[in-house]
Amino acid sequence: MSDLKKIRDEFIQKLKSKLDLVELNQIKSDLFGKNGLVSSQFKKIGTIDASERKKFASDLNVIKDELQDLINLKINEIQKANINEKLEKEKIDVTLPERSFVRGKIHPVSQTIDEISSIFSEIGFSVEEGPDVENEYNNFTALNTPDNHPARDMHDTFYLDDKRERLLRTHTSPVQIRTMLKDKPPFKIIAPGRTYRSDSDQTHSPMFHQVEGLHIDKNINMGHLKGCLNYFIKEFFEIKKIKMRFRPSHFPFTEPSAEVDIGYEIKDGKILIGEGNQWLEILGCGMVHPNVLKNVKVNPTKFQGYAFGIGIDRLAMLKYGINDLRAFFDCDYRWLNHFGFDPLDVPSNYRGLSR
Amino acid sequence: MKITFDWLKNHLKTNLKEKNLLEQLTNIGLEVESVESLSSDNQLFKVAKIIKIEKHPNADRLKVCDVNVGEKELKKVVCGAVNASEGLITIYAPPGAIIPKTNTKLEIVKIRGVTSYGMLCSESELNLSDESDGITELSKKYEKNIGKSYFSKSKSNFIDLSITPNRPDCLGVRGIARDLAASGFGKLIVPKEKQIKSKTKQTLKVKINKEKGQGCRAFGSCLIKNVKNTESPQWLKDKLISVGQKPISAIVDITNYIMLDINRPLHAYDADKIEKGIIVRNSKSGEEFKALDNKIYKLEKGMCVISDNKGVLGLGGIIGGTRSGTEFDTKNILLESAYFDPRSIRSTAKKLNLDTDAKFRFERGIDPLSIETGLKKAASLIHEICGGEVSKIDIQKIESYKPKTINFDVNSFENIIGFKISEKEIQRILTDLGFVIKKEKKFLKLIVPSWRPDISQQIDIIEELVRISGYEKIKTINPIKDRSKSTLTQTQRLFHFLQRAIASKGYIETITWSFTDQNYNDHFREAGKEIKIVNPISSELGVLRNSIFSNLIMYMSKNLDRGFKDLSIFEIGPIFTGYDPGEQRTVVCGLSAGKKSRFSWIEKERNIDLFDAKRDVVQTLSEAGYNSDQFFIDSKTPNYYHPGKSGRIFLDHSKDKVAAYFGEIHPNILKKIDIKTENLIGFEIFLENLKLSRKTLKDQKLKFSVSDFQKSERDFAFVVNKDVEAQELINVISKVSPNLISNIKVFDVYEGENIPDNQKSLAISVTIQSSEKTLNDKDLEKINNLIIEAVENKTGAKIRS
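If you read the sequences in order, they're chains A and B. Its first residue numbered 0, the first sequence is counted upward by one per residue in numbering that gives the first Met the number 0. Its first residue numbered 0, the second sequence is counted upward by one per residue in numbering that gives the first Met the number 0.
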């Protein structure tokens, strides 16, 4: 029996017994290490007769492969067994709670302002702002509501001085004045913001939010106003049809003036907007009074247009089923968490206003 | 303004129903606020006669009455009225009736053991008068009405209208009828004027002083002598009751009736109590008089008063005085019908804080041409009801009424409203509304009716036309989806970005009022100006906020009291720095309380701390596009922060404007506010102090360069005095070789064993990378040494070996 066969048989026999990783590595090194049995045989190839050399080399390679494969197989088996054993030990109760996280929320008024801006953005309105503290002129006089005019009684005003020259704006309409004084027509703006009136009860808050709208151009008529509001209300409430009614009213800064009602009905304790036989007043509007245009140096024989004012808090209440205005500003965590919106829910035209 | 359909029908001939009326009123801008039905309930109150009275067996003061209510059987009613007597005709309310005064429903009840079927009513219980002593006594005339309803059946619903301040004419029933007629709802009835023959002159002299600021333009009057003031006749009482007015006496009722009917306020004086004559003049400073509301008013200089030789009789157009008021025994009366300037009325009433029906009407503008009509109508009614001789009418005036004219271009209507109405229709509507029209070549010349002070220019005419034609005719012109200007400015975009960036870090957005409690505000006001509201809704909301913290901390405390422990809230909104418009800043203010990982099985719980807030601020600013590598941070903060545990952030080393503060709220404030939490951390970001990047995101993205050469990380540990800030070391290192040092990070701070008492060890990792080549050991060693040398020289630190 040749040496090669002897080595093979011996080690095949050895590998048949149960071996651990260390023993296997020992065998590996015994065979294929620097001076291993197989390695030494390879060194011998050169000394063998040319006639036998080919066969010897071939036999040697066969044996080498056979042993090597066998050893690798054994090692793999053991490694696999080790991992399985480890997995068995590492099983964890995944029903334990995850690492804690906190969710922030966006206030429903902020969300509603974003929704409103998104809707008006599509039809070309841009957003303007004005200060919360106003002078008497911008809040009243320039808006065709001179001192000693009974219309001033409609606004319970917070004053900051005894002369009643500085006040907290009672509506967002002074932004109309600021915008028109600052730029030249045409104007197409909305102005959302805080407004203040000194009454406080279940349905009134001394601070609330309004959005002003103003569109002045060469031939904007009351039909455009109707169309604009009709579009807005449909988009805002995300409904296809809206029952809407324009009702004559009076505001000193618009003429003709209108209050706008939308139809609604109560079904299963929930308010449905757009249908039904009940009317709900949601905004005031009208054609900008020529006196107002004159006050801001816009020529009323050349330019005309409309303005409107909408209560934002009220819109939010209607859309999201909130029934208490005061709760908006009470900062009750439970309320904010319930009615608030995820910060990633940014209202937009293509993603939709709301989920 | 309260009306009934019945009253309207005195002026309006119509076949239409009340349902149509309500709709039409709203359609023409006379908004129906409420409709109260009275008729069905009122029909229950019946004329009845007491047949027999027995004493109540268990109560001395009560009587048990057998009452004839027109049915077969007599009703047993328990009654306590002194005047209840056998044979008395009175008013009976059966069980189920609702007593008008108390709004309570009657039931069959046992009173001290005796069952009472209904009630006998006093006048006051029926809102007929203030008479509450005893039950109503009706005259023998009513005998034939026993069993019939006391209130006339014709009584219609009580309609409450909200009349806008521009429409004084609709504060009279006739004005409303006129509008309705113009809109096609019936025909306006031409009033019949009763002519009274008067032979006598008005002998009481009336003079309107011609002085600066005289609030009275014209004063009409007539004397009625030898009247017998009585109760009003039933029709007049009914009329007033039907709109919620209480009948008083014939003379007062008649003046009220004329006021409600044609919006012509009148005033009746007891002529015998006027000394010599009437002088209409400006008040002197300090003059006093007792008004009909039984209050004494001290007048300022220049208010319009009606006076006689003895002094003030009344405030013209606002309220009369007690001295010359009419009573039941008044014999001779002077009837006043005047015109007062709306502005003068309003300013006087405001100064005296007086609100009366007359004031409400005069400040809106009374028809100056109704002086005579009003006097005639009232005088003839007084004559009819109270008798007496009526004098001729005297009218004094310092100014004559000149009618307004407007040149109306017919085409302007379509231009503003968007649809067309024919010139014929335009003329019809305006004529019905009382305009006198003269057709000129290019326009209609319109004479405005004297009762319409609100109309002075073309747009007012357009409004009338569209209001009467119907707003439903206005077309709906759909908007065009076109945008020529960006919707938001860069600042507005930043506002919205910060708002959502902070919310995305676990903060709940709140919106709190712009005003706050002065005590809370003072904690955060620093040197800021206190901005007081003159007329706050309560003293706790008396100032504009100088910081959002005042509100946030208050509401945080409330939420903690509700049992929540670990909360983060924020608000983005204005704070105020002065009294003038624009003296305000936009701030993002956040507040966090409690702990992180409370009751966690997996993480170690710890108090929330300033580095949480710092992370939220720095991350938010980074997300908003500011380079946090360039931030400069130091520890100078306002006094409401913990002096050692707070910091401020500048966007760069120029330290131009504070971008943000962060840190613990000062322990003294927590103590004063008594807020219960482990720790309270806040931050403020100042929107106006954030410079807007001139480079757009698009520009920034264009440049992209990275180095693919190998980078090395070297760690250093420096021992340095405790008061040296980590940022100082970072600044020094970053300047050693800006091109090669790409990142510097403090990864450990150590104090204690092996480190001297007043020193600390800072471990810093520095990333070194070249964009040109792979650095060899020699290069790295050189930079190493430069870093150590620079830090040691500039900060007094020593490298730990």
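Careful: at least some of the hints might be erroneous.
[As the list claims (entries may be wrong)] Here are the computed distance ranges between Cβ atoms for each label pair:
hint : chain 1 : residue 1 : chain 2 : residue 2 : range
1    : A       : T300      : B       : K245      : 24 to 34 angstroms
2    : A       : T300      : B       : G285      : 21 to 31 angstroms
3    : A       : T94       : B       : K603      : 42 to 52 angstroms
4    : B       : K245      : A       : L279      : 28 to 38 angstroms
[To be verified] In silico DSSO-like cross-links for lysine-lysine, where the CA-CA straight-line distance does not exceed 27 angstroms:
hint : chain 1 : residue 1 : chain 2 : residue 2
5    : A       : K233      : B       : K438
6    : B       : K644      : B       : K656
7    : A       : K301      : B       : K644
8    : B       : K472      : B       : K196
9    : A       : K293      : B       : K656
Hint data in this document are derived by calculation from the structure and do not stem from the laboratory. Just so you know, even glycine gets a beta-carbon here, dropped at the ideal spot from N, CA and C.
**Q.** Violations among the numbered hints, reported as their numbers in ascending order
**A.** Hint check: 1, 2, 3, 5, 7, 8 and 9 fail, others pass.
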